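Undergrad: Okay, here's what each chain looks like letter by letter:
There are 2 protein chains.
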Amino acid sequence: MTHTKSSAPEIPGYGFGLPGTACSPVSNEDLRQLEETIGWSTADEAVMWRYAGLFREHAEQMVDTWRAVIGSQPHLARWFVASDGRPDEEYKARVKQRFVQWVIDVATRPHDRAWLNYQEEIGLRHTPAAKNRTDGSHTPTLVPLRYLLAFIPIVTNIRRILESEISNGDGLRALELAWTKAVHLHIALWARPYTRDGLW
Amino acid sequence: MTHTKSSAPEIPGYGFGLPGTACSPVSNEDLRQLEETIGWSTADEAVMWRYAGLFREHAEQMVDTWRAVIGSQPHLARWFVASDGRPDEEYKARVKQRFVQWVIDVATRPHDRAWLNYQEEIGLRHTPAAKNRTDGSHTPTLVPLRYLLAFIPIVTNIRRILESEISNGDGLRALELAWTKAVHLHIALWARPYTRDGLW
Numbered sequence: 056m057t058h059t060k061s062s063a064p065e066i067p068g069y070g071f072g073l074p075g076t077a078c079s080p081v082s083n084e085d086l087r088q089l090e091e092t093i094g095w096s097t098a099d100e101a102v103m104w105r106y107a108g109l110f111r112e113h114a115e116q117m118v119d120t121w122r123a124v125i126g127s128q129p130h131l132a133r134w135f136v137a138s139d140g141r142p143d144e145e146y147k148a149r150v151k152q153r154f155v156q157w158v159i160d161v162a163t164r165p166h167d168r169a170w171l172n173y174q175e176e177i178g179l180r181h182t183p184a185a186k187n188r189t190d191g192s193h194t195p196t197l198v199p200l201r202y203l204l205a206f207i208p209i210v211t212n213i214r215r216i217l218e219s220e221i222s223n224g225d226g227l228r229a230l231e232l233a234w235t236k237a238v239h240l241h242i243a244l245w246a247r248p249y250t251r252d253g254l255w
Numbered sequence: 056m057t058h059t060k061s062s063a064p065e066i067p068g069y070g071f072g073l074p075g076t077a078c079s080p081v082s083n084e085d086l087r088q089l090e091e092t093i094g095w096s097t098a099d100e101a102v103m104w105r106y107a108g109l110f111r112e113h114a115e116q117m118v119d120t121w122r123a124v125i126g127s128q129p130h131l132a133r134w135f136v137a138s139d140g141r142p143d144e145e146y147k148a149r150v151k152q153r154f155v156q157w158v159i160d161v162a163t164r165p166h167d168r169a170w171l172n173y174q175e176e177i178g179l180r181h182t183p184a185a186k187n188r189t190d191g192s193h194t195p196t197l198v199p200l201r202y203l204l205a206f207i208p209i210v211t212n213i214r215r216i217l218e219s220e221i222s223n224g225d226g227l228r229a230l231e232l233a234w235t236k237a238v239h240l241h242i243a244l245w246a247r248p249y250t251r252d253g254l255w
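Residue numbers (this note's numbering), protein chains in the order written: chain S, 56 to 255; chain F, 56 to 255.
Any given hint could turn out to be false.
Given that identical chains are not distinguished, each listed pair holds provided it fits within a single copy or across any two copies.
Stated by the list, open to error - Below 20 Å or equal to it, Euclidean Cα-Cα: the simulated SDA-like pairs (lysine to any residue) are:
#	residue 1	residue 2
1	Lys186	Thr250
2	Lys186	Arg251
3	Lys147	Ile209
4	Lys151	Glu65
5	Lys186	Gly253
6	Lys186	Ser79
7	Lys186	Gly68
8	Lys151	Val118
9	Lys147	Ala132
10	Lys186	Leu254
11	Lys151	Gly224
12	Lys147	Pro129
13	Lys147	Trp121
14	Lys186	Arg141
Hint data in this document are derived by calculation from the structure and do not stem from the laboratory.
Every value quoted in this text rests on a predicted model; they were computed, and no experiment measured them.
Only chain S is shown next, with the shape it has when bound in the complex (with noise of 0.2 Å):
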């Protein structure tokens, strides 16, 4: 399969945009602040534009490390179990590549009405209203909100991956701090359908 990963992308499953992706109940001032709350600014947006390059190139790393996480320990790796008790491979390369398109997508793509859609969409992929349902897969219906928060701190260390393309320490300081904000927006977001109704 071709496809630039700059554009829209040839994906499975990719929804960004298309019919038959979820609607967003969050108001755009309930994301505003929400994006005031966590700190997020102009200046934040102009760092994640200025490095989007390292994070198409290392977009797959980035996933590779974190699935690698994953895969090593059974209680986060279950919820790729298909129904006959083996990982669901077709599944989790589903996944995996809109895993590294969302990271793409974090550094590139301004917060509007289509992107709150699709964050609530795969807010809801992760939970029984809509597992499984992209895919034709039969893996567990849920990822637990908990595995959700817990690996914030994986994904937000990228420090590691990209402290060798950035000699700045202020540069990557500011980069660092910019995608941890990004991630707890989209994560946020993404537990909005977990949450009981009128706790969100």
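Here the structure of chain S is known, so what remains is to put chain F in place on it, guided by the hints.
TA: Showing chain F alone in chain S's frame:
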């Protein structure tokens, strides 16, 4: 009021290890798997212990810094407002004392059953199940989960506060990572009462 912050402090509503505090339904095995997911290790615990004095010394300054962020944003400050529309200063003062103690506890408390139960209690105190109950206050009955999650990058960014104290860059980095892991562990536990049945 006099108390030593390092032993059992006389803080109103600080129910750590006391009867009447919630019982966490999280099993020891759940906790172990959560710690493993985060990458929490004995090395992290040792780093937190090594710098416990710094946390004791700076806990109030940290909380003041974070509370200034909250106070500057109406969508965060509103959860501390009484039914008469004014900030509930008594509630704020009591919560602040417990928040300061929480910082010290993160650095010093072992992850045992009393600790686990108190994290459940703290989580509940952010939800309609128990907000205001401890303090007899009349603020809104919720801090929405999204703000708890969005506030994490504010709380994990301790570098500016501690870098003048730790001249060793690697030591500061290790402390920052250990603190980040610990905060996510706590928030993952606090998220439990917010979560739909079976999805935590």
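Undergrad: With reference to the structure, classify each hint as holding or not holding.
TA: Outcome of the hint check:
no., hint, verdict
1, Lys186 to Thr250, "both (16 Å within a copy, 17 Å between copies)"
2, Lys186 to Arg251, "both (18 Å within a copy, 16 Å between copies)"
3, Lys147 to Ile209, "within (19 Å within a copy, 33 Å between copies)"
4, Lys151 to Glu65, "within (13 Å within a copy, 51 Å between copies)"
5, Lys186 to Gly253, "between (23 Å within a copy, 15 Å between copies)"
6, Lys186 to Ser79, "within (17 Å within a copy, 28 Å between copies)"
7, Lys186 to Gly68, "within (12 Å within a copy, 41 Å between copies)"
8, Lys151 to Val118, "within (7 Å within a copy, 39 Å between copies)"
9, Lys147 to Ala132, "within (10 Å within a copy, 43 Å between copies)"
10, Lys186 to Leu254, "between (22 Å within a copy, 12 Å between copies)"
11, Lys151 to Gly224, "neither (31 Å within a copy, 35 Å between copies)"
12, Lys147 to Pro129, "within (15 Å within a copy, 43 Å between copies)"
13, Lys147 to Trp121, "within (13 Å within a copy, 40 Å between copies)"
14, Lys186 to Arg141, "within (17 Å within a copy, 44 Å between copies)"
Of the numbered hints given earlier, the model fails hint 11 alone.
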